[in-house]
Amino acid sequence: MNALLRPAPEEFSLSRQDNGAVRVRGLTRRFNGGPPILDRLDLAIFPGEFVALLGRSGSGKSTLLRTLSGLDPVSEGQVFCPKGQAVVFQESRLLPWKRVWQNVVLGQDKGKDGRDRAEAVLKEVGLSHRIDAWPLTLSGGEAQRAALARALVREPEFLMLDEPFAALDALTRLRMQQLVAALWSKHRCAVLLVTHDVDEALLLADRAVVLDAGRIRTDLKIPLDRPRHHADPRFVHLRSALLESLGVHDD
Amino acid sequence: MSETFIRAAVHAVSPSSTSRSAVGLPFPRWQILSRYVSPVLLMILWQIACSTGLLSTRLIASPAQIVVTSWSLINDGTLLSNLGVSLLRAALGLLIAIVAGISLALVAGLSRIGEDIVDAPLQIMRTLPVLALVPLFILWFGIGEAPKILLVALGSIFPIYLNLLKGIRSIDPKLLEMAQTLGLSRRQIIQDVILPGALPDLLVGLRFAVGISWLMLVVAEQINAESGIGHMMMDAEDFLRTDIILVGLFVYGLLGLVSDQLVRTLEHHLLAWRCVRHSRGLTT
Chain B
1 MNALLRPAPE EFSLSRQDNG AVRVRGLTRR FNGGPPILDR LDLAIFPGEF
51 VALLGRSGSG KSTLLRTLSG LDPVSEGQVF CPKGQAVVFQ ESRLLPWKRV
101 WQNVVLGQDK GKDGRDRAEA VLKEVGLSHR IDAWPLTLSG GEAQRAALAR
151 ALVREPEFLM LDEPFAALDA LTRLRMQQLV AALWSKHRCA VLLVTHDVDE
201 ALLLADRAVV LDAGRIRTDL KIPLDRPRHH ADPRFVHLRS ALLESLGVHD
251 D
Chain C
1 MSETFIRAAV HAVSPSSTSR SAVGLPFPRW QILSRYVSPV LLMILWQIAC
51 STGLLSTRLI ASPAQIVVTS WSLINDGTLL SNLGVSLLRA ALGLLIAIVA
101 GISLALVAGL SRIGEDIVDA PLQIMRTLPV LALVPLFILW FGIGEAPKIL
151 LVALGSIFPI YLNLLKGIRS IDPKLLEMAQ TLGLSRRQII QDVILPGALP
201 DLLVGLRFAV GISWLMLVVA EQINAESGIG HMMMDAEDFL RTDIILVGLF
251 VYGLLGLVSD QLVRTLEHHL LAWRCVRHSR GLTT
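Protein chains in written order, with our numbering: chain B, 1 to 251; chain C, 1 to 284.
Pulled out of the complex, with its shape left as it was, chain B reads as follows (with noise of 0.2 angstroms):
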C-alpha cells in the first residue's frame, strides 16, 4: 500500500509554533518493540541555525529526519517544529510530469505569480535557464537545484536536508555547497543537514552533531567565521574531534 492510503498518523505530540525553533523532548523510536533507534533523545535547534546531524549508517539519522518532517509518529517524547518547513532529499524527487518551474511552485496557491515567483527562486539557484524543462532531461546537479528551489519558494523557517549532495559527483558537490552556503547566509533560516560528509558539515554548520545508537554523542561547536574554505587549517582539530566520535581515528 502506499504511504500516502493510510490515514495521517495522530500527531498528539508533535507541536507546530512560530517562533522559528525547533526543539526535541525524550524523542524514542523504536519499530515493532525492536531495540531503540531514536533513545530519550534531546535536540535544540534555535531560529537561523545552521546544524550538521552525522552518524554511521542506522544512527537514527534518517529517522529523526523523518520525524521532524513529519512522515513519521511520534510515539514517545515531544517535538516542537516551526509551521514553515521544507525537505530536500537525496533524490530530487521531481514529478517529471511537471516542467520545473511547475515543480517549484506545486501544492502553492495557483496565481498568475505561480511561474513569476517560481522564476525568481530559480534565478537564486542558478537554474533559470531551464524553468520549462521537463526533470529527465536535468542533470542530477540541476535536479537538485530544482528540489532547493522549490524548498525555499516556501520561504521556510526550518529547512531539513537530507543527505542532499550524496549522488553527486565531487565538483557539483561542491558547487552545491557553495551555494546552499549563500542562501542560507541570505535566508537566514534554521537548518538541519543530514549528512555522511565531515568536511561538508565543518564547511557549512555553525554547529555538528553525531548521533550514535539514538542518542547524540557529540554536539561541537564550529566558531569560525564565513565564507570558510576546504584548506582552512582550523579544520583540522574539528575534524579529527568529530572523526573520532564517529569511530573513525584519524592519526
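Check each hint, because a few of them may be wrong.
[What the hints assert, rightly or not] Straight line, CA to CA, 27 angstroms or less: simulated DSSO-like cross-link-like pairs of lysine-lysine:
1) C:166 - B:98
2) B:83 - B:123
3) B:186 - B:83
4) B:83 - C:166
5) B:98 - C:174
6) B:221 - B:123
7) B:83 - B:112
[To be verified] Facing chain B, according to a computed beta carbon distance under 8 angstroms, are these residues of chain C, among others:
8) 174
9) 177
10) 178
11) 180
12) 181
13) 193
14) 196
15) 269
16) 273
Simulated from the structure, these hints should not be mistaken for laboratory data. Backbone N, C-alpha and C fix where the C-beta goes; we use that ideal spot for every residue, glycine too.
The hints should help you fit chain C onto chain B, whose structure is shown.
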C-alpha cells in the same frame, strides 16, 4: 479474430520495438523493398490461382474481385453505413468501459475499503470468458443495440481497470512522501501525483481495450445483427459472396490498425515528458 488482440499485446509489451527499427541500422533501399516482395508474390499467386480456376471463388474471392467489390460497396453506400454503425457500437462500448473502468480503478486504488469491495468481484469476473455471456446478454437485453454495446464494454473494461489500478499502486512512494512534506492536500496529491503517475499504465490499458473492443464487436455483430460490418459479412455468407466477407475482414483489420495508431498518438502527446527521455537515451 485473435490477430487484433495479439497485435495490441505486442505493441503494449514492447513499445520500443518499432522505434528501434526506425532508428536502428540503416537498411539499403532494396532491402526495405525486399520485405514487400513475398506479400506481393503471394497476392499474384492468389490471383493466378483464382483466374485459372485452381481456387474456387466459392471458397475465396480473387484480389481483383475484392477491389471491385469494395468499390461497389463504397459506391452504393452499404460499406459506409455499416461501418458507421459498427464504429458507433465500438465507440459507445469503449466509452462505457473507459468511464466505468477508470471509476472502479480509482475507487479500488485510492481506498482500502474500496479495494475490498471492488477488486474481488472484478478479479473473479475477469476470469470468465466474456463471450460465454452472449446467451445471457440476449436474454437480458434482447437483440437490439444494448447487448452489442455492453458486450464491447464488458470486454474492454478489464484491461483499463487492471492497468490503471497497477499504475496507481506502483506510484513511487518517495514522490508521495515528498508531496506530504510539501503539505499537499489529498485532492492535490491525487490530481498532481497519482493520476499523472498512473497515466502511462492507463494508456497501455486503453490500447488493450481498443484491441479487445474490435474482437467483441466481431462476435456481437454476427449474432442477430441487422447492420454493421459483421452483419454485412454474415449476409454475404448466405449468398456465398466470399468477396464481401473478405472486404469485411480487411475493414476490421484496418479499423484495428487505425485505432491502435490513434492511441499511440495520444500517448505521444500526453506522455511528452517521457518521450524526451527516450529520445535523449537514444542519442547519447
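Each hint tested on the structure:
no.	hint	result
1	C:166 - B:98	holds (21 angstroms)
2	B:83 - B:123	holds (26 angstroms)
3	B:186 - B:83	holds (20 angstroms)
4	B:83 - C:166	violated (35 angstroms)
5	B:98 - C:174	holds (16 angstroms)
6	B:221 - B:123	violated (33 angstroms)
7	B:83 - B:112	holds (25 angstroms)
8	174	holds (6 angstroms)
9	177	holds (6 angstroms)
10	178	holds (4 angstroms)
11	180	holds (6 angstroms)
12	181	holds (5 angstroms)
13	193	holds (6 angstroms)
14	196	holds (4 angstroms)
15	269	violated (13 angstroms)
16	273	holds (5 angstroms)
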